[in-house]
Amino acid sequence: ETGVTQSPTHLIKTRGQQVTLRCSSQSGHNTVSWYQQALGQGPQFIFQYYREEENGRGNFPPRFSGLQFPNYSSELNVNALELDDSALYLCASSSAGRNNEQFFGPGTRLTVL
Amino acid sequence: AQSVTQLGSHVSVSEGALVLLRCNYSSSVPPYLFWYVQYPNQGLQLLLKYTSAATLVKGINGFEAEFKKSETSFHLTKPSAHMSDAAEYFCAVSEPGGANNLFFGTGTRLTVIP
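Here the protein sequences line up with chains A and B, keeping their order. Heads up, the first sequence is in the numbering used here, so the first residue is 217 and it goes up one at a time. Heads up, the second sequence is in the numbering used here, so the first residue is 309 and it goes up one at a time.
For reference, chain B alone in the conformation it holds in the complex (with noise of 0.2 Å):
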């Protein structure tokens, strides 16, 4: 069975300080993992994916993850928070080989503080 993980509901980071957004995976097989992003009342954008390749996926607006076997892990971050970062963020988990559904986390809701 899969599940994600999200620490935090709410974040608020200064503008220009750095963004960390945890996410921690459950998954009987080596995952796939995503991070996605979701403004008001707008559908959902990928920012990332790791799909077995390497380890430190970077994506769109200056986003990266790091994916930690080990800790069963898939953090977002960001070195320099900026407004229009402002967002709910998903992390969001399949399992290669099958029926390519994603299961969500609840969300981490991303204040940026000017």
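The following block holds chain A by itself, in its conformation from the complex (with noise of 0.2 Å):
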């Protein structure tokens, strides 16, 4: 069984610049969310991404965007990067009925400077 991966590892952009980030979910899984977690902070829900359709969405703007692929893979993309942005990104993956049981990948350090 093969686990939830992200692309890239790390990631250094500037101020004003656009990123894509990239995970793909554990097998079996329909359910991708992504996670924000600031240095020494808990990780915060940015949204989730059920068949293809955003399922749920947390108090992040609308410059952080995503996509769900067939195969259940997802993107997410923020535009007009800032200072702030700089942060761990990670990935879950979920199976639609299944306790809310979520598997992390090991998530993207972004660096915005």
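Because the hints were derived from the structure by calculation, they are not lab data. Even for Gly, the Cβ is constructed at its ideal location relative to N, Cα and C. Please note: incorrect hints may appear among the correct ones.
What the hints assert, rightly or not - Simulated restraints, written as ranges between beta carbons of each label pair: (1) Pro387(B) to Phe285(A): 41 to 49 Å; (2) Ser336(B) to Arg279(A): 28 to 36 Å; (3) Thr380(B) to Pro278(A): 16 to 24 Å; (4) Phe285(A) to Glu323(B): 44 to 52 Å; (5) Ala296(A) to Thr414(B): 26 to 34 Å; (6) Asn287(A) to Gln350(B): 20 to 28 Å; (7) Gly316(B) to Thr221(A): 43 to 51 Å; (8) Ala361(B) to Thr221(A): 27 to 35 Å; (9) Leu328(B) to Ala296(A): 41 to 49 Å.
Please dock the two separately framed chains into a single complex, following the hints provided.
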């Protein structure tokens, strides 16, 4: 069974640029959630995708957007990067109806200069 | 609205001593509760979960947690700390039946002293 994978591992961008982060869900999972974890903080929910549709969103501006593909992999896009976007971005996959248990990937560390 | 409070951002214990990490939750409905562990520069690994079955939940690596509705608590314990337990621990809550996003606490860093 393949776990959740994310790419890239690390990324450095400058303010105002755009970034795309990628996530492959665990086999058999149809739901992907994205979280932002700032340094020293707990993860904060960005949004969730289920069957290629957004299925819930946290308190993040529209410049944070996402996609889910037919194979259930997902992308997180962030436009107009700000310094405060520097964080670890975590992807989690789950299967609808499975007690909300989510399996996390290793994360992408984004640094905005 | 759901939320989690983790009391104590840093906890230090001696190797072999009891580990107790505290978590209190707020939820408008009976919740699902989780404990995750995060090692440096890694993602989150599920330790254990409560999903309305037995109130005493056993997880991996010798950890367990007890759901106490009257106290709105879900504290994590381990009888004897090991050096490999040093990590960041996060408590999380979600609501059954809704979008299954997790609300996390701010974490507790556990240091194990040899």
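| Structure-inconsistent hints, enumerated in ascending order | 3 and 7
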